[in-house]
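Residue numbers (my numbering), protein chains in the order written: chain A, 1 to 395; chain B, 1 to 259; chain C, 1 to 134.
In short, the hints are calculated from the structure, not lab data.
Do not rely on the hints blindly, as some may be mistaken.
Subject to a maximum C-alpha distance of 16 Å in a straight line, what follows is the list of computed EDC-like cross-link-like pairs (lysine to aspartate or glutamate) [claimed, not checked]: (1) B:Lys246 x A:Glu265; (2) C:Lys105 x C:Asp124; (3) A:Lys374 x A:Glu3; (4) B:Lys235 x B:Asp225; (5) C:Lys50 x C:Asp86; (6) B:Lys136 x C:Asp40; (7) B:Lys114 x B:Asp149; (8) C:Lys50 x C:Asp40; (9) B:Lys246 x B:Asp232; (10) C:Lys79 x B:Asp143; (11) B:Lys85 x A:Glu347; (12) C:Lys85 x C:Asp55; (13) B:Lys136 x C:Glu106; (14) B:Lys239 x B:Asp57; (15) B:Lys235 x B:Asp64; (16) B:Lys246 x A:Glu343; (17) B:Lys45 x C:Asp40; (18) A:Lys79 x A:Asp227; (19) B:Lys50 x B:Asp185; (20) A:Lys162 x A:Asp227; (21) C:Lys79 x B:Asp149; (22) B:Lys136 x C:Asp55; (23) C:Lys79 x B:Asp225; (24) B:Lys50 x C:Asp55; (25) B:Lys246 x B:Glu103.
Using C-beta positions, here's what the derived DEER-type ranges look like [stated by the list, open to error]: (26) A:Val27 x B:Pro84: 23 to 33 Å; (27) C:Pro120 x A:Arg10: 42 to 52 Å; (28) A:Met1 x B:Gly82: 52 to 62 Å; (29) A:Glu311 x C:Asn3: 31 to 41 Å; (30) A:Thr351 x C:Gly130: 36 to 46 Å; (31) A:Met1 x C:Leu36: 55 to 65 Å.
Take a look, some chain B residues computed to stay more than 10 Å from chain C by CB distance [said to hold, decoys possible]: (32) Arg5; (33) Asn77; (34) Glu94; (35) Asn104; (36) Leu112; (37) Val130; (38) Pro187; (39) Thr190; (40) Ala205.
Glycine included, every Cβ here is placed at the ideal spot set by N, Cα and C.
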Amino acid sequence: MLEKALKGSRGYWIWIIFLLVMMTIGVLFYLHQLDYGLGVTGMSRDVSWGLYIAQFTFLVGVAASAVMLVLPYYLHDYKAFGKITVLGEFLAVAAVIMCILFVFVDLGQPSRVMNVLLHPQPTSILFWDMIVLSGYLLINIITGWMILSCNRREVPPPGWIKPLIYLSIPWAISIHTVTAFIYAGLPGRSFWLTAIMAPRFLASAFASGPALLILFCLILKRYGRFDAGDRAIQALSKIVVYALAASIFFVLMELFTAFYSQIPEQTRHFQYLFAGLDDHHNLVPWMWTSAVLAFAALTMLIIPSIRRREEWLAIACVFVFVSLWIEKGLGLVVTGFIPSPLETVTEYFPTGAEIAITAGVWAIGFLILTLLYKIFISVYSETGSDDNRPVANGK
Amino acid sequence: MTTNRREFLKIAGASALTLVTPSLLSPLWARETVRIPGQDFTPVKALMAKRWAMVIDASKCPPDCTDCITACHTVHNVPDFGNPKDEVKWIWTEPFAAVFPDENHPYREQGLQKMRLPVLCNHCENPPCVRVCPTKATFRRPDGIVMMDYHRCIGCRLCMAACPYGARSMNFRDPRPFITKINPDFPTRTKGVVEKCNFCAERLAQGKLPACVLACRQNAILFGDLNDSTSDIRKLIGKRFNLRRKAHLGTAPQIYYIL
Amino acid sequence: MKNKKWGMIALGLVIFLIGITFPFWYGRGKSIAPVLLSLDTPAIAQLKEKRCVEDTAFMRANHMKLLNAWRDEVVREGKREYTAKDGRRFEKSLTGTCIQCHSNKEQFCDRCHNYVGAKPTCFDCHVIPGEVKK
C-alpha cells in the first residue's frame, strides 16, 4: 500500500517538499548540537529540561488520544467511529515517533541510548516509558496497517487483531500515566508532586488529541475527499469539550490547593506562571493566552449551534490544541524548575537552534502522518463506500 | 631557650625515629602505589567505612572564603564556563535562606542571615536521583557514597530533576577548554553527562581524606564514618545541634550542618 | 513486462552491484603501509623487562575488553587492583597504568585506531599527562 503515498496532487507534493526542507534544516542544526553539546539550547543548570521534553510530554498525550476512538467503537460498538479509528491509530503512530525523537534529541550522549536496555533500572520511570512507548508504537502500526489493508482487500481482519486492539486501550492510558509518573514522583519538585498529575495529563490528552483529529478530518474533507461523517465529528467534539472541562477543572483544583493552603513552596510556581516572580515574567503572557483560549474554546464547544458550524468548530479546536500545548509544554515542564531548589529564579528562553530542531522533528511527524493519511485516503476512495467495511468485532 | 649540641642531637634522633615508626607499625600503609607500572605494585590502604558522612560547622566559615571550592574544583578538573547557564559546580556557597528556607525568618541574628554555607551533594541514604536513573549510571555504594559512572550516563538529566538540593550539574558543552589547569591524576568529563561531588572516592581509595576537608584552614569540614561510634563525626553530631537540608523529604541526607 | 521497464531494472541492478562491492574494488592495487607502533617512551625505556600488563597478542586482541572490564570494576565495584596472568599486580587505570608507559598516544594508540577506523571515546575524558603539560 506504500506506493499510494507516491501519487498526489501538486499541493500534496509542495507540502511534502516543505516538510522535507524543515526536516533537513532540523537535521543540520542537530548535527551542530551533537558537535557543540546541548548548550546550543536555552537549557541551563537550573532549568535542565526545556522545549524538547515539553514537546515529548505533550505528544504522548496526543498519542494516547487514539483510545478515544478505539474504545467507543470496539468496546461499545459506536458505529459512527468505524471509518476513522485507523486515522486515530495513524495519528498515534506519528505522535509516538515524534515523542521518541524528542527524547533522543534531548539526550546528552545519544550514542549510549541502548544503555537503558542493556543496564535496565526497573525503579526508573524513564525505563518503563521506553518500554510502553515502543509497545504502543508497535500495537498501533500493526493494527492500523492491518485494518487498512484488510479494508482494501475487502476481507475481515484476522482474529488476532481484536485482542491486540483491546490491549491498546489500557496501554494508551498507561503511556500517559507512566509519563506523568516521571514528574509526579520527584520529591524535590513541589510543582509536580501532585496526585492529580496523571489525571491532568489524561484530561488534557483527551482534549488535545481528538481536537487535532477533528482538524485533520475537516482538512481531509476539504482536500482529500474523505468525509468522516457529521456524527463522528460531533461525537469527537463532545469528547473534546468534556475532556477540556475536566482539564480546566483540574488546573483550578491545583490553584485552590496552592493558594488556599498558602504554602510558599506551592504558591511560588503558580505566582511565577500567572503574575511573575521577582521581576521575572517570561511565561505570564503565555499562560494568560492559554487560559483565555481554553475558556473561549470551552464556550464555543459547549454551545451546540456554534459547535455544529464547521468553521467555528475548527477555530475552537485550534484554540484547544494551542492552549493545551502551552499549558502542558511550557506551563508544566519549565515551571517545575522555577524557582529552583535553592529558591532562585532562572528563566528559560529557547534558542534558534532549539526551535529549528523542534520544528524538524514536528516535520518528521507530519511527514509520516501525511504519508499514512494519503494511503488511507487512496484506499478509501478505491474501495468506495464503507457500507461493506468489515468490522473487527465480527459484527 | 638555649640548647647544646647534645640536646639537639637527641631531639633530632627522636624526630627521625617517628618518621620510621609508621612503616614499622603497619608496613602496608607506608608503601604507596608505584607510578611506573611493571614493577611491584603494592596496594595502599584505602579508607573504608560503613556510612560516610560529613559535618560542616558553618559558623567557622570566614566570609567570602572559597578554599574548599577551589580545592575540589582543581583536583577534579571541574570546568569554569564563566556563565550561570552552563555552570558546573560540585561544591559552592549559598545564603542561609536558600539552604534552610524553612528556618529563616526576619528576626534571625544578622550573622546567620548573612552567612554563606557550603552546599554539595548530600550523598543521601535514600537518594531519589539513584531511583530515577534509567541506566544505573548513578548508584549508591555500600559505604553510602552516591557515585556517578560517567561512562554510562546518557545525559537524560532525570537525576537533575529528581535531586531536591540542586546538587547536580550537566555538561552542556565540552568542558576541556574551560579547565584552567588540568589535573592529570583525575579524568575530565565530556559533554553530555551529568556530574556532582563524589566524596572524593578516588582519594579515599588512596587513603586520603576529601580535598575540601583538607583544604579548609578553619577545619570547618569533618568527614568520617557515622557507623563507627568512636568516630569524631559521630561524637560531634551527637553533641552539637545540627540540621540537614530538607530532611522532611525522606531522602536522609548525610551532610550535617552545625550553625 | 514492458521493454523500457527492463532497461531501468537492469540499470538499477548494475548501480546496486557497483555500490555494494565498493569496499572490494576501491583501493585495489594501492599499497597501505603496515602499522608501526612506537614504544619509544621514557617510561618504557626505564623498564628492565619490556612487558605490558599482559602479553602482546592478548593485548592486541583484548585491550578494549580489558579496559571495559576495568572501568566497571573500578567505578562500580571499587576494586582497583588487577592481577595479571603471571601474578604481577597493577592498578586498574587507563591514565595511571597504561598511559604511564604508553605516554605517546599519537605514535601508539592512534596509529592502530586510525588504521582500522576505530574512534574510542576514552580520551574525551581520560587525560594524557603529556598533552596536559604542553
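Original post:
Going back to the hint list, which numbers does this structure go against?
Top reply: 6, 7, 9, 13, 15, 17, 19, 20, 22, 23, 24, 29, 33, 38, 39, 40
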